[in-house]
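Peer 1: Which chain is which? The protein sequence lines are A and B, in order.
Residues in the first sequence are numbered from 4 upward in steps of one, following this note's numbering.
Residues in the second sequence are numbered from 26 upward in steps of one, following this note's numbering.
Mixed in with the good hints, there may be bad ones.
What the hints assert, rightly or not - Partial chain A-side listing against chain B, Cβ under 10 Å, derived:
(1) F13
(2) Y20
(3) T28
(4) S29
(5) Y33
(6) K92
(7) A111
These are computed hints drawn from the structure, not numbers from a lab.
For each residue, glycine too, the CB sits at the ideal point set by N, CA and C.
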Amino acid sequence: MEFEPKIVAFLCNWCSYTGADLAGTSRMKYSPSLRIIRVMCSGRICPTFIFKAFQEGADGVLVCGCHPGDCHYNEGNYKCLRRFKLIEKYIRQMGIEPDRIRLAWISASEGKLFAELANEMTQTIKNLGPSTIKAQLEQMV
Amino acid sequence: MEEIRIGVYICWCGTNIAKNVDVERVAAEAGKLQGVVVARDYKYMCSDPGQDLMVKDIQEMNLNRIVVAACSPRIHEITFRKALEKAGLNPYLFQMANIREQVSWVHDDREKATQKAIDLVTGAVKRVRWQEALNKRSVKVNPATLVIGGGIAGLTAAREIARTGRIVFLVEKEKSLGGMMKKINRTFPNLDEASKYLNPIIEEVSSHPHIQVYLNSQLVKLSGYVGNFIGTVNHKETQSELEFGNIIVATGLKPFKPTPLSNYAYKRLPNIITSVEFEEMLSKGYIRLDSRQEPKHVAIIHCVGSRNPDFLPYCSRTCCQTALKFANQIKDLLPKAHVYQIYADMRSMSKGCEEMYSKTAKRGVMFLMYDQKGKLPYIREAGKNEKTRLVIEMKELLSGEQVEVTADLVILMVGMEAQETSKQLSQVLGISRCSNNFYIEKHPKLDPVATTTDGVFIVGSCQAPKEISDSASQAKAAAARVLAMINKDWVEVEVITSSVREEICCGCQICVHVCPYGAIEFLKEKKVSCVNEVICKGCGTCASACPTGAIGSRHFTEKQILAQIEGVMLQLLEV
Chain A
4 MEFEPKIVAF LCNWCSYTGA DLAGTSRMKY SPSLRIIRVM CSGRICPTFI FKAFQEGADG
64 VLVCGCHPGD CHYNEGNYKC LRRFKLIEKY IRQMGIEPDR IRLAWISASE GKLFAELANE
124 MTQTIKNLGP STIKAQLEQM V
Chain B
26 MEEIRIGVYI CWCGTNIAKN VDVERVAAEA GKLQGVVVAR DYKYMCSDPG QDLMVKDIQE
86 MNLNRIVVAA CSPRIHEITF RKALEKAGLN PYLFQMANIR EQVSWVHDDR EKATQKAIDL
146 VTGAVKRVRW QEALNKRSVK VNPATLVIGG GIAGLTAARE IARTGRIVFL VEKEKSLGGM
206 MKKINRTFPN LDEASKYLNP IIEEVSSHPH IQVYLNSQLV KLSGYVGNFI GTVNHKETQS
266 ELEFGNIIVA TGLKPFKPTP LSNYAYKRLP NIITSVEFEE MLSKGYIRLD SRQEPKHVAI
326 IHCVGSRNPD FLPYCSRTCC QTALKFANQI KDLLPKAHVY QIYADMRSMS KGCEEMYSKT
386 AKRGVMFLMY DQKGKLPYIR EAGKNEKTRL VIEMKELLSG EQVEVTADLV ILMVGMEAQE
446 TSKQLSQVLG ISRCSNNFYI EKHPKLDPVA TTTDGVFIVG SCQAPKEISD SASQAKAAAA
506 RVLAMINKDW VEVEVITSSV REEICCGCQI CVHVCPYGAI EFLKEKKVSC VNEVICKGCG
566 TCASACPTGA IGSRHFTEKQ ILAQIEGVML QLLEV
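Use the sequences and the hints to build the structure in full.
Peer 2: Encoded structure:
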């Protein structure tokens with residue numbers, strides 16, 4: 004059976020979640036791999052959330068926020084970007100391929116872009132294969 | 026601790042969800058989850074019987090947490106929260122799983138869609154267990170209103186509000202009021218003088234004791250929230266700080282510049298003008314060429330920039346009617362002139378405008394159709410022996426023939442686009458723009474003048490190109506919304522703010538520095554941080570920066586989100 008990845012996606016309420024909704028109202032078909040979790044701002048996304056997703060068996064994590072300058076809370080997306088840079092370094096040390104996480108800016112009007120992003124990321128993860136982090140952690144215990 | 030008793034409701038949304046998701050199976054799987062007392066599926070959860078079903082269950086089964094899997098929470102979260110309140114339950118003990126926009130509308134594979142729906146519902150069930158009752162906060166509403174834009178929409182809104190005795194600040198970036206309408210000579214379909222309608226409104230607004238007009242001014246900064254905004258208005262070298270409870274955005278649009286469409290030879294050949302320039306000419310009371318002679322042949326080319334994927338992909342909505350109006354005005358002023366309508370599709374859809382179309386056709390106006398998706402009409406300079414100076418080469422679609430239209434004067438019906446300032450202002454106001462840079466309404470059908478930011482309304486052409494009557498309707502609708510809020514005197518504001526658990530706060534003050542609103546203060550005596558909940562907007566940036574987990578954002582706590590992650594990843598079903 005073909006590997007069907009599970010990607011946990013954290014979307015900010017104002018731009019990206021609305022963009023994902025637009026993909027829905029426009030009936031754009033995309034891969035069913037994403038599991039979207041809504042937060043008010045991408046600035047709320049804590050490294051813990053990303054590690055938790057991998058720990059629970061996610062094959063990838065997607066983080067989406069408003070475009071630079073468009074953040075509903077002025078600058079939460081910049082803070083998200085800075086944290087993301089650190090997380091990228093950190094997951095490498097944990098043995099997770101950096102391509103398993105992705106940060107993208109999706110505005111409320113970019114439903115099409117969101118659908119394309121979902122497909123693109125799913126393909127990247129399919130190429131990488133399933134994440135082994137959950138199994139490794141379970142062995143350690 | 027109270028026993029958690031969860032009710033789960035899976036909506037079919039008619040066939041919208043049920044077609045691609047096995048709703049019965051989702052309900053059955055949800056029923057197996059810890060804490061779930063009842064799990065049902067129902068045709069329309071948002072309908073009255075759907076809500077009643079939930080209310081009855083809450084009361085009869087002592088449910089204390091509710092999950093509804095249906096459309097996007099952006100649509101019906103408020104509806105269901107109200108149902109919880111009706112049943113005597115705190116509205117924040119509720120979570121939605123979005124299985125329509127995120128599942129049934131985007132996935133065709135029913136098996137995979139059903140599995141994803143189960144995962145999302147599991148996430149919501151796991152999350153809702155940790156959700157806490159929150160109390161809504163009411164704040165007083167400042168009865169003053171800020172109106173941005175002094176065109177017909179902004180003027181109408183300002184006048185409507187001021188007439189009730191409330192204060193309005195009207196901010197206009199140009200040096201005078203009137204906006205786009207001031208450039209219009211006569212209105213369609215009855216060819217009334219636009220100034221006849223506009224001037225009395227400008228006069229009333231300018232002299233109204235309750236309206237303060239700021240010309241040459243722009244809103245550059247905004248803080249606060251619905252009911253209590255503080256804005257900074259730049260006026261040349263000076264700045265004013267204004268306080269108001271609501272904002273009506275009426276910034277309008279601007280005409281498209283046809284220069285990039287080289288086939289129309291605008292500014293390259295003489296006597297080729299835009300529709301806006303023609304309005305100005307009509308306002309002066311004549312139609313004439315650069316040579317001051319009257320034209321004998323006038324061609325009006327439609328859809329210049331509009332409905333063109335390279336420029337404005339949308340219909341600008343008012344040009345067809347305006348073009349028909351022009352034909353009548355030309356025939357009135359120059360009865361002998363030949364008028365050609367070179368159109369792509371005739372969309373004269375406003376009230377009374379189909380009649381204007383029929384009437385115009387009977388006045389000897391020639392209608393020639395071109396293919397918008399094929400080769401556009403091309404304007405060239407005429408040869409010496411031709412009777413006019415300009416020739417339009419085009420393929421006439423109805424006859425299928427290549428024709429040449431002779432013209433002395435060509436009017437380009439230019440499309441309408443969003444203002445250049447729309448991006449800057451959207452950032453100041455915290456509202457979104459669509460892919461064509463117009464502002465996005467809260468709901469396209471059910472809430473067309475509100476935005477997702479409470480207390481900020483959009484009216485007129487800043488939302489999309491529209492005619493005067495539609496702009497006036499929207500302005501009055503928004504004014505009614507604002508006045509209703511002022512009349513009520515208070516408004517409920519979101520309570521998703523941050524709060525500090527003082528016992529584990531280490532006093533590092535990282536939160537103080539990351540807060541974009543300066544809402545967190547360090548209490549020197551206690552050596553802990555403290556959130557000013559009136560200023561806090563609940564973004565949660567502080568919560569993700571706090572090293573000890575002392576500061577948390579309500580309704581988006583770490584526990585709640587981690588539980589949701591666990592839920593969506595829980596492997597309940599194997600494919």
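Peer 1: All hints, please: hold or fail.
Peer 2: The hints, checked one at a time:
1. F13: At about 9 Å, which falls below the 10 Å cut-off, the nearest Cβ of chain B leaves the hint on F13 of chain A intact, so it holds.
2. Y20: It holds, given that the least Cβ distance between Y20 of chain A and chain B is near 7 Å, below 10 Å.
3. T28: holds (6 Å)
4. S29: holds (8 Å)
5. Y33: holds (6 Å)
6. K92: Result: violated, 17 Å to nearest chain B Cβ.
7. A111: holds (4 Å)
In summary, the structure is inconsistent with hint 6 from the numbered list given earlier, while agreeing with all the others.
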